[in-house]
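Engineer: Below, each chain spelled out in residue letters.
There are 2 protein chains.
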Amino acid sequence: MNTLIGIGVGPGDPELLTLKAARLLREADVVFAPTTSLDRESRAEQIVHAAAGIRARRLVFALDDQGGVTAERAAAWDEAAHAVLGTFESGARTVGFVTLGDPNVYSTFGYLAQTVAALDAGIRIETVPGITAMQDLAARADVRLAEGREPLTLVPATAGLDEVRNVLAGHGTVVVYKGGRFLGELTAAVEEAGRADAAVLGTDLGLASENIGVLRKPTDGDRAPYFTTLIVPPTRGGRGEKL
Amino acid sequence: MNTLIGIGVGPGDPELLTLKAARLLREADVVFAPTTSLDRESRAEQIVHAAAGIRARRLVFALDDQGGVTAERAAAWDEAAHAVLGTFESGARTVGFVTLGDPNVYSTFGYLAQTVAALDAGIRIETVPGITAMQDLAARADVRLAEGREPLTLVPATAGLDEVRNVLAGHGTVVVYKGGRFLGELTAAVEEAGRADAAVLGTDLGLASENIGVLRKPTDGDRAPYFTTLIVPPTRGGRGEKL
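Protein chains in written order, with this note's numbering: chain A, 1 to 243; chain B, 1001 to 1243.
Simulated from the structure, these hints should not be mistaken for laboratory data. Don't be surprised by glycine CBs; every beta carbon is placed ideally from N, CA and C. Careful: at least some of the hints might be erroneous.
Taking beta-carbon pairs under 8 Å as the criterion, some of the chain A residues facing chain B (in silico) [as the list claims (entries may be wrong)]: (1) V69; (2) R73; (3) N104; (4) Y111; (5) T115; (6) Q135; (7) A146; (8) E147; (9) L152; (10) A159; (11) L161; (12) R165; (13) R239.
Can you make the complete structure from the sequences, with help from the hints?
Structural biologist: Here's what the structure looks like:
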């Protein structure tokens, strides 16, 4: 049966691939990687080359997460789905699509998979989980994401500041993705919630430009990169106090 | 410098270890695994043996998450920390401690690390992320955990039903861990929220006893195993509708 596999490759460090992802990349007949333009090596592409020696084919997507489902974005999904179907028609049995982090967590793979399934219901769709940016940042910054009875909430900054403020008012850890463009407002919201002291911010994890540090109000006009992860842990008392 | 590394080994499938975890397990001078009793091979121990051929030494913990910080639990942490320190005194430079899932997500490693650090501030503490049960279940059950602007909240059933109901009233995906003992009440809460249709339940992921299916009210007295993961995705419309 022809199979399309969404393969999570983690946030940046090639060693954070799973053994399963590395094996499936080697076994796949074709491997695709999303990119914002055909002449640009994407981050996922770099990771699979470093980790498994694989040269992925590029598929163009509008990855910037602005503007909802634009005609350009829908066309890119359709075109990518047709490119995937074309490889099956040319004889491929197993096609991999690599995705930063995890293919089921804020990933473009879901849209591609839905499009492929709508065009050809006979193709089997699978996913392989990958380490997410928040897990990598937690490990690098020595922050426990969740302990005992604490909840843990991920919220993309694109959900809006009210949503972020609402979650910050709770008593669990809050993780904010994609906050680069909103760093000033985000910092203010974390400060208002009285939770700035424990917060850590990570950008470009696993890249040469990686930066991990405390949350600080940006100077006028400052923006963090697109790949920005903010972790705001709750106040914690003694050992095991949240059990 | 003497280093204690909390190594996430994923939820069950040995292939879900990262390349980094596999390397560090092989390089460590000593590897410990938590267990509920010394004469019982733990799940984490089975995973590292299958994935990396490593025989871990057992450390006893009270892993059942009932009763807060009991004297028994505190004593187990202290004893485990002394066992770790003993290996450094015997010449080990790098000691690994394996943990199911991720060492920073509801893991016993944090308590061990805090205890070791309090006894000897000169020991370096590190963690390596691992695939969590919710990611594995999402992949196996073909459920997207989060898409576009949706929030994603993990909540342990031990946080209480009110907390779970509160999160279910929101518009994001809700993941409930450790719900085995509360399956009847949990199912009722998901039904009350009108969200039962899309919910998936996974138990013993990656084990021979693995079960993945829809959420169903247990018959009288039924309990799911301790390692139970419930994913309740939100209602989703067309492709990319949440962007």
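Engineer: For every hint, state whether the structure bears it out.
Structural biologist: Going through the hints against the structure:
no.	hint	in the structure
1	V69	4 Å, holds
2	R73	7 Å, holds
3	N104	4 Å, holds
4	Y111	5 Å, holds
5	T115	7 Å, holds
6	Q135	4 Å, holds
7	A146	5 Å, holds
8	E147	6 Å, holds
9	L152	5 Å, holds
10	A159	4 Å, holds
11	L161	12 Å, violated
12	R165	12 Å, violated
13	R239	5 Å, holds
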